[in-house]
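*Asks:* Take these sequences, add in the hints, and give me the full structure.
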Amino acid sequence: MATRDKTSERGRIQVTGFDASIVTERDDLVDWEAAEGSKSGTSRRAKAWYRFKQNRSAFLGIGILAFMVLVAVFARPIEVAVAGQSIPIQPIQLAPHSTDTSLVASNTPPNAEHPFGTTQLGRDILSQVMVGARFSLSIGVIAVGLAVLVGVPMGAIAGYYGGWTDEAIMRVVDILYAFPFLVLAIVIIAILGQGFWKMILALVIVGWIGYARLIRGEILSVKENEYVMAAKALGARDSSIIFKHIVPNAMAPVIVQATLNVGTIVLAAAALGFLGLGLQPGSPEWGTILSGGRDAVIAGRWWVTVFPGLAIVFFVLAVNLVGDGVRDAMDPQDTGGDTGGGFR
Amino acid sequence: MSLRRYVLKRLLLTIPILLGVTAITFAMVHLQPGDVIDVLVGFNDVSAETERQLREQYNLDEPIYVQYVLWLRDAMVLDFGQSFISERSVGEAISTRLPYTVLLGILALVISIAIGVPAGIVAAVKKGQQADEVSRVAALLGVATPNFWLGLMLLLVFSVQLGWFRTIPPSDVAVYDPALLKFMVLPAITLGTASAALLMRIMRSSMLEELNKEYVKMARAKGLPERTVITKHVVRNSLISVVTVAALQIAFIVDGAVVIEQVFSVRGIGRLLLGAILQRDFPIIQASVLMIGVTIVFANLVADIIYSYLDPRIRY
Chain Z
1 MATRDKTSER GRIQVTGFDA SIVTERDDLV DWEAAEGSKS GTSRRAKAWY
51 RFKQNRSAFL GIGILAFMVL VAVFARPIEV AVAGQSIPIQ PIQLAPHSTD
101 TSLVASNTPP NAEHPFGTTQ LGRDILSQVM VGARFSLSIG VIAVGLAVLV
151 GVPMGAIAGY YGGWTDEAIM RVVDILYAFP FLVLAIVIIA ILGQGFWKMI
201 LALVIVGWIG YARLIRGEIL SVKENEYVMA AKALGARDSS IIFKHIVPNA
251 MAPVIVQATL NVGTIVLAAA ALGFLGLGLQ PGSPEWGTIL SGGRDAVIAG
301 RWWVTVFPGL AIVFFVLAVN LVGDGVRDAM DPQDTGGDTG GGFR
Chain D
1 MSLRRYVLKR LLLTIPILLG VTAITFAMVH LQPGDVIDVL VGFNDVSAET
51 ERQLREQYNL DEPIYVQYVL WLRDAMVLDF GQSFISERSV GEAISTRLPY
101 TVLLGILALV ISIAIGVPAG IVAAVKKGQQ ADEVSRVAAL LGVATPNFWL
151 GLMLLLVFSV QLGWFRTIPP SDVAVYDPAL LKFMVLPAIT LGTASAALLM
201 RIMRSSMLEE LNKEYVKMAR AKGLPERTVI TKHVVRNSLI SVVTVAALQI
251 AFIVDGAVVI EQVFSVRGIG RLLLGAILQR DFPIIQASVL MIGVTIVFAN
301 LVADIIYSYL DPRIRY
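Residue numbers (the working numbering), protein chains in the order written: chain Z, 1 to 344; chain D, 1 to 316.
If you are wondering where the hints come from, they were derived from the structure by calculation, not from laboratory data.
Do not take every clue at face value.
[As the list claims (entries may be wrong)] Label pairs and their in silico Cβ distance ranges: (1) Z:Tyr227 / D:Lys9: 44 to 50 Å; (2) D:Asp79 / Z:Met251: 46 to 52 Å; (3) D:Ser171 / Z:Leu149: 29 to 35 Å; (4) D:Arg220 / Z:Lys47: 31 to 37 Å; (5) Z:Leu149 / D:Ile15: 30 to 36 Å; (6) Z:Ile298 / D:Leu31: 54 to 60 Å; (7) D:Ser171 / Z:Phe196: 57 to 63 Å; (8) D:Pro225 / Z:Phe243: 51 to 57 Å.
The model shown is predicted, which means the values in this text are computed figures rather than measured ones.
For each residue, glycine too, the CB sits at the ideal point set by N, CA and C.
*Replies:* Quick look at the structure:
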């Protein structure tokens, strides 16, 4: 036992039976810091990124998505109308034909000039699929983004405050949950009418409840942690506790869910388009192209349905590969249970 | 908590949700832009006499909460009034369409369970092996394929190209008619496979969770053959958590049915709902939406009760 250092200073607590030399032989504090750091902050992100990089199928997914985004952006020139004049900001044109004007030949099977064939209205399907990527991709990303922006604060507030706030928000969630995803979206569109932003609004109204439930559950388990108590003791405002301390620590499953959800939303949007409730008829959105699919198939015009459908399959597949990769990267303990998509 | 008390508590919790569902359904008509009368008649010109009748039928001169209570009273005895487009009662329209949707749903559920559960078991037992990988890819494809597109492709291959099935359902036949049952094979496969993909992944992860538990070690240690361990112990316990997602599956299948009925032109509730939306026939929309909502609420209720019966721990 080391000799005790006696101190005469007032207020000092004298520790006896404690050998300072043992402490230095303990595990390095650096390890402990790294382990703590891995629970929050950049180190965790770095580790997640490292695990993500090891995942080949996730990179395949990213490759497909990147390709589709490029095709969507460069499919047709983008022009901005400023003061009566249209100024091109993206002059490249990958799609061989315009999607608005009809060609001479309608219902042509795939050939050299029209690799995917043409529709009944004589529009080139390859060009439609390429331009359609713009609609489907943007609907997926915007609707999911807005649903997260609505659902996360709602769920966070419900979970943090509890009591009647929780009751009120979660009862609304329960009631909306009583309707199947698509049925509710169909009903909302029946009320609002058709159109790009109306469809997004419908998908957000249906979509936010999933995030509210998810983040509420996370917050209920996170909010008992000491750091929340510490923040409260330091006099932090509720809003800053929720959004600066609790939410960032509960976001991991939300990010995973949001990634996978882009695929679900694109599928739902395509289904709405197929039912004739999506965008205006004739728009090159993937689902809307398929809206006359049944008649085309029965008439033997298979190319009208095969190619837009494959585009949807590839996109959603890629989203799911990336989403699975994100989940595995963020939570390596997970047994990799259910594959995304099954959001509800 | 005894099972009876749990069921009672759960039933009580269902009441506000049911009220909310009816309120949303009721509000649909009133959320429309424009006068309610215009919405109800689909913005067609109607005589003052019809308008007066409608006002009376829908109690439009009463305050809104009285309207809701009166509407709710009628809805409870399944009286949804007349359809404005087809001049027949909504109840009749629904009852003639309902059997087809129920048939489609049950067939799909059977297919989904018949594929999903065994595939999930195999995937879990052979974790990391080829069978597991195959199931993973199959599930990914199942999730990524839009069900209506799968339906279109099946229709193309088996009905149009091979001519094995009719492209339109036989009309005016009973639900148990062999011709109709045969026709329903493709729609049921379309609907069932997507749901099977989901079920398989849930079964797999629930099996993997159970396989890690102590009692499995115990059963193996006492020398039970692996087959007995899996079938008698693990599968039984894993199925408990599959029951909880049964309600989810029903919502999934109802969702799918709306679209699939359109693909195969099955004259079910989904087609009724869509037709009504395109024609803005609100009594029909309200009745079918309310019916779907109530079905899902009760499916959830039944799933919870079965779960609490199988696993008494959750009756906290």
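*Asks:* Please go over all the hints and tell whether each is borne out by the structure.
*Replies:* Consistency of the hints with the structure:
1. Z:Tyr227 / D:Lys9: 44 to 50 Å: Cβ of Tyr227 (chain Z) to Cβ of Lys9 (chain D): about 35 Å, so the range 44 to 50 Å is violated.
2. D:Asp79 / Z:Met251: 46 to 52 Å: holds, 49 Å
3. D:Ser171 / Z:Leu149: 29 to 35 Å: violated, 48 Å
4. D:Arg220 / Z:Lys47: 31 to 37 Å: Since the Cβ atoms of Arg220 (chain D) and Lys47 (chain Z) sit about 35 Å apart, the hinted range of 31 to 37 Å holds.
5. Z:Leu149 / D:Ile15: 30 to 36 Å: Holds - the Cβ-Cβ distance for Leu149 (chain Z) and Ile15 (chain D), about 32 Å, lies within 30 to 36 Å.
6. Z:Ile298 / D:Leu31: 54 to 60 Å: violated, 37 Å
7. D:Ser171 / Z:Phe196: 57 to 63 Å: violated, 38 Å
8. D:Pro225 / Z:Phe243: 51 to 57 Å: Because 55 Å falls inside the window, the suggested range holds.
Hints 1, 3, 6 and 7 from the list above are not met by this structure, while the remaining hints are.
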